[in-house]
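Novice: One-letter residues, chain by chain:
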Amino acid sequence: MQLTNRAKVLEKKPMTLAERAYLPAIFQGLSITMRHFFMKKATVRYPEEVRPFSNTFRGLHVLKRDEQGRERCTACGLCAVACPAEAITMVAGERKKGEEGLYREEKYAISYEINMLRCIFCGLCEEACPKAAVYLQPDKMAPPRYERDEFIYGKDRLVEPVSPDERSVRGIQLTSDQATTLRARIG
Amino acid sequence: MIELPALGWQSIVIFVVFALSLLIATYCTYAERVIAAFLQDRVGPDRAGPYGLAQPLADAVKMFTKEEFFPGGANKALFVFGPCLAMITALMSSAVIPFGNIMNFGNNLFFLQGIEVNIGMLWVFGVVSLGVYGVMIGGWASNNKFSLLGAIRAASQNISYELAMGMALIAVLMISGTLSLREITLQQSAPGEWYMWNIVKQPLGFLIFLVCAFAETNRTPFDLPECETELVGGYHTEYSSMKLGLYLFSEYVNIFVVSAVMSVLYFGGFNFPFQYELRDWFVSSQGWELASAQNLITLLGTVGLFLKIFAFIFFFMWIRWTLPRFRYDQLMRLGWTILIPLAVFNIVLTGGLILAGVI
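Line by line, the protein sequences give chains A and B. Residues 1 to 187, numbered by the numbering used here, are exactly what the first sequence covers, in order. Residues 1001 to 1359, numbered by the numbering used here, are exactly what the second sequence covers, in order.
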């Protein structure tokens, strides 16, 4: 039964002397591999060399502050509800007197945790947030770590630093300990 | 006229050759990975040290710290003896290779060679043939079907290709009339005739020798004794730790030795183009003594020989990452029905050319 007319009839001709000698084919193969020897390599040497991210890349989360450096998050829980991977948990608390410079509204998140192993980086938390507090940064991702619990990011690693130089340059979010040692080394 | 080299000098040379073989074999493992990577558009190991140059050290540490495993029912003594024999024979064969011409220190003449014997080529052949016992004993003592199959393949392959290799060599011996590797080298160094290396007189013989060298060292496309796709690991399936390391190492030492033999037999050994002109230029224009000029030429020749050897080693790796493995019956057919008749034809052809006075 003929399904298409693209069938190609292969004739099995007897091999010529050059083909039977096998050496021309070997030299052809050798020249191909030698050409690849001098070609540009496809490897990206990762930690030293990072591929450019897309502008719409959804990477590591950040909890934003407002213009006066107050945390925007009010622990309403809409992001946790929107999250399809159930990666976000939080504990809400009431703002005490004298904390008005720290939190923008009367209610704030005492703890806010995202499990980066569960997160699928879909960005639905960002869309759900009514306070424009949680964003997925286009230039950072969660770096590899040895322990699973190190992937549960708390407020220490999520909240935007007050001074921008605490941000890491290599596109990897530092832990607060790492940021401290790095700052000490830079001096 | 030539004094016998002192025993002390000989042991120094042998020690240096021994250390060099090991060093080159060590860095062959690194070169193999880097060349493989480059041929496949990758960059290869580059994390340990600058350009990954400490990688062999890291590998050695890994090898030594791995579990020392003995399979149940294995003959322990032979199981240990196998890799040792493979390594010993691989290292022994480099003793007779002339790595350089004569050095002259205050009228004392020294060979840059372990032992100068008039049966040098036979020594290399004999010792390399012994090498297959290391593979056979190791494969047999493992008490494993895959190992045994690999060992049997190694034995039959080595026997088959040794015949063609020997016959290709006979044609060289017909031209040179000696088995001494130093003599064969010196015959390729007639002043003003540097282009008359044996490769010019023996192109077909060299081709046969090269193919057989691949089979003798168990390299791709003839690495059937250890082909992973069929035999797990072949003769070293059951080996772990440094015993496996010795097998892998002996393979690279063998490549080094075979490359050296091919350079000596066909590519003029330690001779290089215009060596006499260069020596005479140092004597006449620079006012050097003849002895020191000769010493410099000898050292340059040694460097040249090692460049030739490295080129061959690169060629071995280049082939390995280009050609797929032969099927077992194809291997046997190539050996018995193509290479051996070709080698016989080459002998007849060489004889005819010698009679005709061409070479």
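Note that these hints are calculated values from the structure, not bench results. For every residue, glycine included, the Cβ atom is placed at its ideal position computed from N, Cα and C. Incorrect hints may have been included.
[What the hints assert, rightly or not] Pulled a few chain B residues facing chain A out of the computed Cβ check, cut under 8 Å:
1) Gln1040
2) Asp1041
3) Ile1175
4) Thr1302
5) Trp1321
6) Phe1326
[What the hints assert, rightly or not] Just a sample of chain B residues kept apart from chain A, beta carbon distances all over 12 Å, derived:
7) Ala1037
8) Gly1044
9) Ser1160
10) Ile1170
11) Pro1221
12) Met1262
13) Ile1319
14) Thr1322
15) Leu1323
Novice: Just double-check B:Pro1221 for me: nearest Cβ-Cβ distance to chain A has to come out over 12 Å.
Specialist: violated, 9 Å
Novice: Are B:Ile1175 and chain A close enough, Cβ to Cβ, to be under 8 Å, as the hint says?
Specialist: Violated: closest Cβ of chain A sits about 24 Å from B:Ile1175, beyond 8 Å.
Novice: Does B:Ala1037 really sit off the interface, with its C-beta more than 12 Å from all C-beta atoms of chain A?
Specialist: B:Ala1037 is in fact no farther than 12 Å from some Cβ atom of chain A, at 8 Å.
Novice: Say whether it holds or is violated: B:Ser1160 keeps its Cβ farther than 12 Å from all Cβ of chain A.
Specialist: Non-interface label stands for B:Ser1160: nearest chain A Cβ at 18 Å, farther than 12 Å.
Novice: Please check whether the beta-carbon of B:Gly1044 is more than 12 Å away from every beta-carbon in chain A.
Specialist: Violated, because the least Cβ-Cβ distance between B:Gly1044 and chain A comes to about 9 Å, which does not exceed 12 Å.
Novice: Taking 8 Å as the limit, does the beta-carbon of B:Phe1326 come near enough to a beta-carbon in chain A?
Specialist: violated, 11 Å
Novice: Interface hint check: B:Thr1302, Cβ to nearest Cβ on chain A, cutoff 8 Å. Holds or violated?
Specialist: violated, 28 Å
Novice: Is the interface hint for B:Gln1040 satisfied, with its Cβ closer than 8 Å to some Cβ of chain A?
Specialist: holds, 7 Å
Novice: Are all C-beta atoms of chain A more than 12 Å from that of B:Ile1319?
Specialist: violated, 7 Å
Novice: Given B:Trp1321 was flagged as interface, is its beta-carbon under 8 Å from a beta-carbon of chain A?
Specialist: Holds: closest Cβ of chain A sits about 6 Å from B:Trp1321, inside 8 Å.
Novice: Beyond 12 Å from every Cβ of chain A: is that where the Cβ of B:Met1262 lies?
Specialist: At about 17 Å from chain A, B:Met1262 clears the 12 Å cut-off, so the statement holds.
Novice: For the hint on B:Asp1041, just tell me whether its beta-carbon gets within less than 8 Å of chain A.
Specialist: holds, 5 Å
Comparing the model with each earlier hint shows violations of hints 3, 4, 6, 7, 8, 11, 13, 14 and 15; every other hint is respected.
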